[in-house]
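J.: Single-letter residue listing:
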Amino acid sequence: MLLDLSGIQKRFGGVTALRDGNLAVEAGEVHLLLGENGAGKSTLMKIVAGIEQADAGCMRWQGREVSLRAPAEAAAIGIAMVHQESLLAPHLSVAENIFLGREERLSFGWVNRRRMLEKAARLIEEHHFPLHADWRVERLSPPGKQLVEICRAIQHGSSLLIFDEPTASLSGEETQEVFRIVRTLRARQMGVIYITHRLEELRAIGDRVTILRDGATVHTGSLAEIPTDRIIQYMVGREMVAIYQREPLPPGRELLRVEGLTRGVELRDISFSLRAGEIVGLAGLIGAGRTETCRAIFGVDPVDAGKTFVDGREAHIHSPREAVAAGIALVTEDRQKTGLALRLPIAYNVTMANVPEICHFCLLDAPAQSRVTAEYIARLRIRCSSGRQPAGRLSGGNQQKVVIAKWLFRHASVFLFDEPTRGIDVGAKAEVFELMDELARAGAAVLMVSSELQELLQVADRILVMRQGRITGELPGRTTQEEIMRYAALDREVAP
Amino acid sequence: MQRLLPFLSLIVLFVGLAIASPHFLTETNLSSVVRQTAVINIMSLGMTIIIIAGGIDLSVGAILAMSGVIGAMAMEKGMPIPVGILVGILTGLAWGFVNGILTTRLRIAPFIVTLGTLGIIRGLTLIITNGLPVHGVPQGFSFLGEGNLLGVPFVLWVLVVCALATHVILEHTRLGRYAYAIGSNPDAAVYAGVPVGFDTTTVYALGGMLTGLAGMIEASRLMTGQPAAGNGYELQAIAAVVIGGGSLHGGEGSVVGTLIGAFIMGLLSNGSDLLGVSPYLQQAIIGAVIILAVTVDELRKRRLV
Chain A
1 MLLDLSGIQK
11 RFGGVTALRD
21 GNLAVEAGEV
31 HLLLGENGAG
41 KSTLMKIVAG
51 IEQADAGCMR
61 WQGREVSLRA
71 PAEAAAIGIA
81 MVHQESLLAP
91 HLSVAENIFL
101 GREERLSFGW
111 VNRRRMLEKA
121 ARLIEEHHFP
131 LHADWRVERL
141 SPPGKQLVEI
151 CRAIQHGSSL
161 LIFDEPTASL
171 SGEETQEVFR
181 IVRTLRARQM
191 GVIYITHRLE
201 ELRAIGDRVT
211 ILRDGATVHT
221 GSLAEIPTDR
231 IIQYMVGREM
241 VAIYQREPLP
251 PGRELLRVEG
261 LTRGVELRDI
271 SFSLRAGEIV
281 GLAGLIGAGR
291 TETCRAIFGV
301 DPVDAGKTFV
311 DGREAHIHSP
321 REAVAAGIAL
331 VTEDRQKTGL
341 ALRLPIAYNV
351 TMANVPEICH
361 FCLLDAPAQS
371 RVTAEYIARL
381 RIRCSSGRQP
391 AGRLSGGNQQ
401 KVVIAKWLFR
411 HASVFLFDEP
421 TRGIDVGAKA
431 EVFELMDELA
441 RAGAAVLMVS
451 SELQELLQVA
461 DRILVMRQGR
471 ITGELPGRTT
481 QEEIMRYAAL
491 DREVAP
Chain B
1 MQRLLPFLSL
11 IVLFVGLAIA
21 SPHFLTETNL
31 SSVVRQTAVI
41 NIMSLGMTII
51 IIAGGIDLSV
61 GAILAMSGVI
71 GAMAMEKGMP
81 IPVGILVGIL
91 TGLAWGFVNG
101 ILTTRLRIAP
111 FIVTLGTLGI
121 IRGLTLIITN
131 GLPVHGVPQG
141 FSFLGEGNLL
151 GVPFVLWVLV
161 VCALATHVIL
171 EHTRLGRYAY
181 AIGSNPDAAV
191 YAGVPVGFDT
201 TTVYALGGML
211 TGLAGMIEAS
221 RLMTGQPAAG
231 NGYELQAIAA
241 VVIGGGSLHG
251 GEGSVVGTLI
261 GAFIMGLLSN
271 GSDLLGVSPY
281 LQQAIIGAVI
291 ILAVTVDELR
301 KRRLV
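Just so you know, the protein sequences line up as chains A and B, in that order. When you line the first sequence up against the numbering used here, it's residues 1 to 496, in that order. When you line the second sequence up against the numbering used here, it's residues 1 to 305, in that order.
These aren't lab readings, by the way, just hints derived from the structure by calculation. Be aware that a few hints might be false.
To be verified - Distance windows between CB atoms, simulated: (1) I291/B with W110/A: 31 to 37 angstroms; (2) S386/A with H249/B: 20 to 26 angstroms; (3) H316/A with H172/B: 30 to 36 angstroms; (4) H172/B with H318/A: 29 to 35 angstroms; (5) T28/B with F12/A: 46 to 52 angstroms.
Glycine included, every Cβ here is placed at the ideal spot set by N, Cα and C.
Looking at chain A on its own, in the form it has when it is part of the complex (with noise of 0.2 angstroms):
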């Protein structure tokens, strides 16, 4: 046994984020670790790593017992993590960042840079990756950054590699890149652990799984013997509702129009509209110029040319205080930068784009705010301790229901949200839906960004397709993957 973990146990200030993890890995094993968010999956990991200490629990590495203090003492006894967000020295070369803290010396002090270099190119070239120890780590893909940390771990020799949602922003060849380079290490005997929330991954690379619900591990076992429903059901620890799928509603008048969008070579040419009660997808490969559509709309990037209409009026906006005061919401990609103010309360969050309506004469009345807020957190169902809890703490489902409840209290119209479900679990996902669904219901109009084609398919009553900066296609919501597919990735021009 190459680790194992028993009775692990963490709490932060009052929040219990585990009560009894356990987990055992083998060496040349993938070993999936799932759970919703906030199950505690981060959590035990950081433990591994050493980034977290426990309360209590046993951890035992190759049969002994031992307690990591720092990351360094992890490293040290063959521990690594591949991080999402990359932890690379970006204006490095390859092998720089490959040995950095641990460079090759020669006496003074001198690094010996020649013979890294060679020890890199060794290193990459045994294993096939598609590398070079000299390029600069700032010009490689997402794949390639985690290319370089796995490297790294290799180099330093690890023999367990704990990957933490590798895939989530990449592409479906990155993805099978990932896999690649996971199934490799396998061979070597090292020792992986695996966290997704795509449960379409998982038996293209998995050994065994061990399943987290509320800080605690609920099932660990060979994956060949669970189904993925079995699966589904372990992590939401009820029995999942049949697959939702929204009834599409008769759509209301025009909210949003955008006429002839232009953005150098992002955007070209973008019309299309949306109108009350109505949720439209937009698909579209990564780099299609979907984000930026919406980027666009919202007055975050100043356009070339087009007009933007809402609920009839044109609108002019350049920035995305005139994006929101005329009604439109953004619920960006990325929430930890551009949606929320992590260390504030969830309370200042909530209200954040709409202070005034908690104001009585400029002043700032507190239980309003305290009022609104209690009303968003039972009506989103976020799970927290209380409306003072900095957002931060949250986990990444419920960080998203805040910046949606921000958006509801502004009572904006139009709702855009770019990749809404990224990094959420299963059960945040139907949630986040059926948000999507009552706030159609409500009379606004929906924009949905996704690269998830199955989501776009359950949600959406018509799907917007980008190419290169182009709306290529507009299909019904009841079409196919595959039909999404041809517009968004071959090359031809449709006849609008």
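Given the structure of chain A, go ahead and fit chain B onto it with the hints provided.
T.: This is chain B only, laid out in the frame that chain A set:
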């Protein structure tokens, strides 16, 4: 525990000084502590809002000097005392506004902007005065810094009013709420439709205004407009905010914390005077205290997140 730490340090410092020096607990000394600290205190209140909004103002010492000088000149030219004080305050406000405009319009880091304006303002002040103090202020002007109202130093009343006003702005107005939001995550604030540029500028202007007032109090205590006044005060003001729990990353800080921080700074300098510690060493102590306070803040944050 960490929240109480500054308060406990203040008490320990107070008791320690009371034991160490027989002159500490005298009325003359305590009222002089209050008068001296009021200047730093009022400046620190402005710095608190600025730091909460994610900024910093290194030019406050220079603004303080120019405000005192311009206010004193106005009175020298025969303007009534209240008008002179107002002129000083508006001078501070104007420079705060300049700092705000430069940081928001040119998108230069406030550290650099205010380091630049520090040089500009100090230089201009010396040019205007030829490096000489401005005398010629009316006798009555001394009341602001040295007078008593209801048996208590007048500046203490001024400080209480300023502190209350700042507290209300921070905790109970839209501007305060936006300051926290901007300091905590400027991008999220922009996306939420917060008028980030306007409010940031307002915050710097408010800070400048409070510094202008502090400058007039300093001028009143010296009964001159000193072009070299306020040298190194920015260090004390920042220290007061940070000791009081403000975070240089923005989004954190409070008026009560800053007041405690400023009184700690005041006692440190008064105690050093009483105990015959060299003023040069005092500077070094203040610098060390800032690093200590930031360290405590960082350690606390690491444990939290």
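J.: Each of the hints needs a verdict: does it hold here or not?
T.: Hints, verified against the model:
no., hint, verdict
1, I291/B with W110/A: 31 to 37 angstroms, "holds (33 angstroms)"
2, S386/A with H249/B: 20 to 26 angstroms, "holds (24 angstroms)"
3, H316/A with H172/B: 30 to 36 angstroms, "holds (34 angstroms)"
4, H172/B with H318/A: 29 to 35 angstroms, "holds (31 angstroms)"
5, T28/B with F12/A: 46 to 52 angstroms, "holds (51 angstroms)"
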